[in-house]
Amino acid sequence: MIPGPFNYHRPASLADAVNLLATLGDEARPLAGGHSLVPMMKLRLATPEHLVDLHGIAGLKGIRRDGNRLVIGAMTTQHELLASDEVAKSVPILHEAALLIADPQVRYRGTIGGNVANGDPGNDMPALMMTLGASYRLEGKSGARDVAAAEFYQGAYFTALEPGELLTAVSIPVPPAGHGSAYEKLKRKVGDYATAAAAVVLTMSGGKVATCAIGLTNLAETPLLATDAANAVIGTSLDEASLKKAAAAAQAIMSPAADARGPVEYRKHVGGIMVMRALQRAARGN
Amino acid sequence: MAKTHITMKVNGTEVEGLVEPRTLLVHFIRENLQMTGTHIGCETTHCGACTVDIDGMSIKSCTMFAVQAEGSDVTTIEGMANADGSLSALQEGFRMMHGLQCGFCTPGMILRAHRLLKENPSPTEAEIRMGISGNICRCTGYQNIVKAIQYAAAKINGTQFQEAAE
Amino acid sequence: MNDMTPTREQRSAALEGMGCKRKRVEDIRFTQGKGNYVDDVKLPGMLHGDFVRSPHAHARVKKIDDTEALKVPGVLAVITAETLKTVNLAWMPTLAGDVQMVLADGKVLFQNQEVAFVVATDRYAADDGINKVVVEYEQLTPLIDPFKAMDADAPVLREDLAGKTSGAHGPRKHHNHIFEWTVGDKELTDAAFNKAEVTIKEMISYHRTHPSPLETCQCVCSFDKIKGELTIYGTFQAPHVIRTVVSLIAKLPEQKIHVIAPDIGGGFGNKVGAYPGYICAAVASIVTGKPVKWVEDRIENLTATSFARDYHMTTEIAATREGKVTGLRVHVLADHGAFDACADPSKWPAGFFNIVTGSYDFPTAHLSVDGIYTNKAPGGVAYRCSFRVTEAAYCIERAMDILAQKLDMDPAELRLKNFIKPEQFPYHSALGWEYDSGDYATAMKKAMESTKYAELRKEQAVKRAAFKRGETREIMGIGVSFFTEIVGAGPSKNCDILGIAMFDSCEIRMHPTGAGIARMGTKSQGQGHETTWAQIIATEIGIPADNIMVEEGNTDTAPYGLGTYGSRSTPVAGAAIAMAARKIKAKAQMIAAYKLEVHEDDLEFDIDGFRVKGLPEKFMSMKDICWVAYNSVPPGMEPGLEAVSYYDPPNMTYPFGAYICVMDIDVDTGVYKVRRFHALDDCGTRINPMIIEGQVHGGLTEAFAIAMGQEIRYDAEGNVVTGSFMDFFMPTAVETPHWETDFTVTPSPHHPIGAKGVGESPNVGGVPAFSNAVNDAFSFLGSTHIQMPHDYWRNWKAAKELGAVA
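Protein chains in written order, with our numbering: chain A, 1 to 286; chain B, 1 to 166; chain C, 1 to 806.
I should point out that these hints are in silico values taken from the structure, not numbers from a laboratory. Watch out, some of these pointers could steer you wrong.
Unchecked claim - Straight-line alpha carbon distances no greater than 25 angstroms define the calculated SDA-like cross-link-like pairs of lysine to any residue that follow:
#1 A:Lys189 x C:Ile786
#2 B:Lys155 x C:Met690
#3 B:Lys3 x A:Tyr8
#4 C:Lys468 x C:Met690
Said to hold, decoys possible - According to the in silico footprint, chain B covers these stretches of chain A (three or more CB under 8 angstroms from chain B):
#5 33-44
#6 48-60
#7 140-147
#8 163-175
Note that the Cβ used here is the ideal one computed from N, Cα and C, for glycine as well.
Required output: the full structure, derived from the provided sequences and hints.
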C-alpha cells in the first residue's frame with residue numbers, strides 16, 4: 001500500500017497551477033484533500049507522474065456572501081464549512097450534509113472542491129449542489145467558465161472538466177428565507193458512502209409545496225436531479241399518495257450497482273424511502 | 001526519484017529530512033524521525049491509528065505526504081505528556097478509566113480526543129462518540145474511551161468527574 | 001500498636017492483589033506511544049519483503065517473470081516456490097495436519113494467495129518491485145459454494161492430494177473432502193428422535209468472518225550466519241510453539257532460534273498460526289544475510305491470513321410437548337478454504353464443537369462434521385473463541401429459540417426448564433465433556449430481573465399488535481442467550497499441538513529486596529497480563545503487585561508455554577502462577593520458621609507475611625524473608641527464592657453467562673437500533689474486575705459486529721467483496737451500543753484460585769443474543785430462522801419475504 005513515485009508541485013497561484021496542469025498534461029493530477037486520490041494511489045489504481053498540490057493557493061479558500069449567492073472556494077474544507085455561521089444560517093442543508101461526510105479527521109482535510117470535482121458517485125456534495133442549483137467555476141489556460149452542477153456530471157469519474165481545467169469555486173444561490181431542507185443519508189456506519197441518500201430543498205405556501213428540488217446520491221453512475229419526483233409533490237400537502245408518487249418517480253431514474261451495501265432492489269427501495277423522509281423533514285422545517 | 005528537503009516542527013522541535021515526494025507523513029514520522037508511537041492500522045483512511053495533530057487539526061498521517069507538512073506544526077503522541085513528563089489529563093484518563101487494552105489505537109485516539117476537547121471542552125457522550133468516530137478500537141468497545149475523555153475534560157475544566165452509573 | 005501501624009485492610013489493599021481494580025502497568029507506556037510493536041523493531045541493514053498475490057481464486061501459474069522487478073532500484077531478490085524448493089520450504093505443515101503452499105506451487109487456490117516474495121531495501125522499493133513482477137495465469141473454474149464442494153463434477157482443488165484416500169483425521173470421501181468427525185451415540189439419538197413428540201430442524205449458518213486486530217500480522221527475521229542463529233520478532237500469540245515449528249520445518253536446532261513477541265496490537269486468534277510471510281522473511285534473511293521485515297497491509301490481512309467460522313450447521317432437537325429436550329443431532333459442513341489451517345488442538349478437527357449441547361441436559365446427542373476445501377483463504381482460527389465454541393453456542397442458542405417458537409413457549413422459560421442443575425455438577429455431557437461447575441438458573445433469573453424481562457415481553461406484545469394494525473413500521477426483538485463455554489485448553493489427556501501437551505508455565509524469581517520477576521509461557525495481546533498476573537502473585541505471597549515485574553514473549557527467558565488464545569491464559573497459566581507462588585511461599589515458610597525459631601506448622605500466613613499462631617507480635621514479613629533467602633537460610637537449604645511450575649490442568653473450565661438484547665428494527669429500511677444489551681458473566685473467581693469488564697465490552701462489540709454485518713464475502717468468481725474497512729463492518733463509537741454488565745461467581749472447583757477465564761465469553765454469548773433478537777423481532781410475522789449477518793439490507797429482505805414490506 002505504497003503510492004508509486006511522482007513529482008510534487010506546489011504552485012502559489014492559480015495561474016501557476018493552471019499553467020502547470022496545461023504543461024504537464026494527462027500525467028498530472030491536482031491534489032486537494034487527497035482522501036480519494038491518495039488511497040487510490042496507494043492501491044496503484046492511480047499512478048500520476050505529477051501531483052499539483054493546491055494547498056499553496058490562498059485564493060482558493062474561503063466562504064463569502066455575494067449578493068444572493070454563497071461563494072465557496074474549492075479548497076475550503078468540510079470542517080470549515082461546518083464552522084461557518086454563514087453556511088449554517090443561509091444553507092443549512094450544506095451544514096447537515098457536511099457532517100455526514102466521512103469522519104472528523106477526513107473533514108479537516110477533505111475539500112468541497114475535491115468532493116464535487118472528482119465525479120465519484122458516492123460523494124455527498126454533488127447531488128446537494130444540483131438540488132441547490134449551484135454552479136461551478138472552472139478555470140483553465142483558456143479562461144474561466146461557469147457550469148451548472150446539473151450539467152457537470154457525465155459518468156462515474158467523468159465530468160465536464162476539460163484537461164488542464166481546475167474547479168476553483170462553488171457558487172450556491174441562497175435558498176429563500178423560510179425554505180425547508182433535509183439530507184437523508186442511509187449508510188452502514190460512519191465513514192461509509194451512502195447506501196442511498198436524498199437531498200430536498202423546498203418552500204411551502206399555505207400548507208402546500210410551492211417549489212421543490214430533489215437530488216439523489218450514489219443511486220446511479222452520477223448524482224441525479226429527480227425533477228419528476230419534485231414536480232410530483234408541488235402543489236400537494238405531502239400527503240401519503242404524493243410522497244409515494246415522488247418516491248416512485250425518483251426510483252424510476254435510479255440505477256444503483258449491487259454492492260456490499262445491498263442488492264439493486266434494496267438500494268432503490270431505500271432510495272425511495274430517503275426521498276419521502278427528506279420531503280417530510282424538509283416540510284416540517286427541522 | 002529525487003528527494004526533497006523538508007522541515008517542520010514536531011512536538012515543539014524543528015526537524016528536517018530528505019524524502020521522496022511520495023513518502024507518507026506517517027512513514028516520515030515513524031522511519032525518519034524514529035517516533036514509533038504513531039501507528040498504521042488500515043492504510044485506507046478508516047482506522048485513525050495514524051492520527052496526529054497538524055496546525056490545530058486532527059489528520060490521518062497515512063493519507064498525507066510528508067512534503068505537504070512542510071513548515072507545519074505537528075504534534076504526535078510523543079508530545080502529549082505534560083512538560084514535567086507526567087501523564088497529561090487525557091493520558092491519565094485513559095489509564096484511570098481503562099480506556100485501552102492492546103494500546104495500538106491509543107495514540108491516535110488520544111490525539112483525536114486532544115483536538116476534540118480543544119474545540120469542545122465539555123462534550124456530551126454523543127459528541128464524544130461522533131468526535132472519535134474516525135478512530136477504530138478493536139478491544140474496548142469504546143465505552144471506557146468515552147469515560148476516559150470525560151475524565152480528562154473534567155480534569156482540564158477543574159470540575160468533578162462523576163463516573164456514569166451502569 | 002500505635003496509630004501508624006497499618007490495619008489488616010490497609011495491608012491487604014497495599015498488595016493490590018486479586019479482586020482489586022488495579023490500574024494497568026502497561027498503560028504508562030502505551031499512553032505515551034512507548035509501546036514496542038513489531039513494526040517498531042528496526043535492525044541495522046534491515047530489508048523489507050512484500051508479496052505478489054494472485055488476482056484469481058483458482059488458476060494455474062504458467063510463468064513468473066521477475067526480470068523487470070529485479071531492475072527496480074532497491075529490489076534485491078524475488079523468491080518463488082522454485083526458490084523455496086531448494087530449502088524444502090515451498091509447502092509448510094499446518095496445525096491441523098494438512099500442508100499449505102508457502103508460495104504458489106503450480107497453481108493458486110484463493111484470491112490474494114502468496115505467489116512471490118520481493119525483497120528490497122525498504123518497503124517503498126518492495127512495493128515497486130511487486131508491481132513489476134509479471135505472472136501468467138490460466139484461469140480454472142473456481143469452487144466457492146461449500147454445498148457444491150462434494151458434487152461429483154466439482155473441480156479438483158488440491159492436486160497434491162490426488163489418490164490420498166485418508167488425511168490426518170481419517171478417510172476422505174471426495175477429492176474436496178478433508179475429514180469427517182463424529183461424536184456421540186447415533187443409535188440412541190436416532191431413537192430419541194423417532195419417539196419424539198416435537199422436533200425442529202434448521203440449517204443454521206455461521207458466516208465467514210475475520211478477527212482483524214488493529215495491528216496486522218508482521219515479523220522481523222534476522223539470521224546470524226556466523227552463529228547459525230535465527231532471531232524472529234513477530235506478532236505471535238504463541239511464541240514457543242512458533243519456535244518449535246520453525247525448528248521442525250526449517251531443520252534449525254531449537255536452541256539457535258530466538259522468538260520474541262514484543263507488544264502485540266490485538267490478536268483475537270489471528271496471530272496463533274504460522275503464515276507464509278514468516279517463512280518467506282526467514283528464508284530471505286538466510287539468503288541475504290540481513291534482517292528482513294514483513295508487514296502485511298489490511299487488505300492482505302482480511303483476505304489472506306486466517307478467516308474464522310464458515311460453519312453450516314444442520315441442527316435438530318427432539319423434545320417433549322412440555323419442552324423437555326430429549327435429543328440433539330447436528331451435522332456441520334465446515335468450509336476450510338484451500339488448506340486446512342485451523343489452529344485447533346491437533347486431535348480436534350472441529351475444535352471443541354462438541355460443546356454444542358450447551359447449558360442443557362440433553363440425554364443423548366450425535367454430531368458429525370464434514371470438512372471441505374473451497375477456493376477461499378485458509379484459516380479457521382478461533383476468533384475470540386475457544387476452538388469452535390462460538391459456532392457451537394450460536395448453533396444451540398438459535399436452535400433453542402426455534403424450539404421455543406415451535407412450542408409457543410417463552411425462550412427464557414424453555415432454557416430454565418432444561419438447564420443442567422447445580423447438583424448435577426460435575427456434569428458429564430452426552431458428547432463427552434465434564435462440566436466443572438455452574439449455577440445457570442440463578443444467573444438467568446438475575447439477568448431477567450435486571451432487564452425487567454417480563455415487562456419487555458409485555459411491551460413487545462403491545463408493539464406487535466400496533467404493527468399489525470399498521471400504526472408503526474418498527475418491530476421489537478428480545479434476544480436471550482445462555483452460553484456455556486469450554487476454555488482452558490487443556491489437559492494433556494485431551495489437548496496437544498503437534499504433540500506438545502497444552503500445559504502452561506510460570507517462573508517466579510524473588511529478589512533480595514522483596515521484589516521479583518515472573519515469566520510465563522503466555523503472551524498478552526491487550527489482556528493486561530502484566531497487571532493481573534502480578535495480582536495473583538501478590539495475593540498468594542504477600543508482596544505488592546507493584547513489586548512484581550511480569551515478562552512474557554521471549555522464548556529464551558520465559559518458560560515453555562502454549563500461549564494465549566482460547567481463553568486459556570487464566571485457566572492454565574493463571575493456575576501455574578498460583579502454583580509457582582505457592583512453592584515460593586512454602587520455602588518462605590521454612591525460612592520464617594527458622595528465623596522465628598518455631599516449627600513451620602506453628603506459622604500461619606497473614607496477608608503479607610508469616611505469624612506465629614497465638615503470638616501476634618511474632619511476625620516476619622515476606623519482604624524480610626526475601627532478604628533472608630539471600631543472606632542466612634536455614635542450614636542445608638539452598639539459598640535463593642525462586643520457583644517454576646508447569647501446570648497440566650485436570651479439566652477444562654466452563655464459564656457461562658446470561659445475555660439479553662433488546663432491539664428495534666425499521667422494516668422499511670432494515671435499520672436496527674440496539675436499545676439495550678445486558679451481559680451477566682460468571683467466570684468464577686474475578687482477578688481484576690476492571691479488566692474483566694473491559695474484556696466483556698470488547699467482546700460484545702466484536703459480537704455485535706459479527707452478528708450485524710461483519711463478514712468475509714466472496715462473489716461467484718471468488719473475489720473478496722469485503723476486503724477493506726470500508727466494506728468489512730468494523731463499528732465505530734457511533735454504531736457501537738452501550739453495554740450493561742453484571743456477574744455471578746461460581747468458582748471452578750479444580751482451579752487453584754477458582755478462576756475460569758472471560759475474554760471470549762462475550763463473543764460466544766453475544767452473537768446468539770443479537771441474532772436471537774433479530775429473529776425474535778421477525779418471528780411473529782412467521783419466520784423461524786434468518787441467517788446472519790443481520791445487516792440492513794438482509795433485514796429488509798427478511799421483512800419483504802415475510803410480506804411486511806411491499
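Hint check results:
no., hint, in the structure
1, A:Lys189 x C:Ile786, "holds, 22 angstroms"
2, B:Lys155 x C:Met690, "holds, 21 angstroms"
3, B:Lys3 x A:Tyr8, "holds, 10 angstroms"
4, C:Lys468 x C:Met690, "violated, 45 angstroms"
5, 33-44, "holds (count 6)"
6, 48-60, "holds (count 3)"
7, 140-147, "violated (count 0)"
8, 163-175, "violated (count 0)"
The structure fails hints 4, 7, 8 (numbered hints given earlier, in ascending order).
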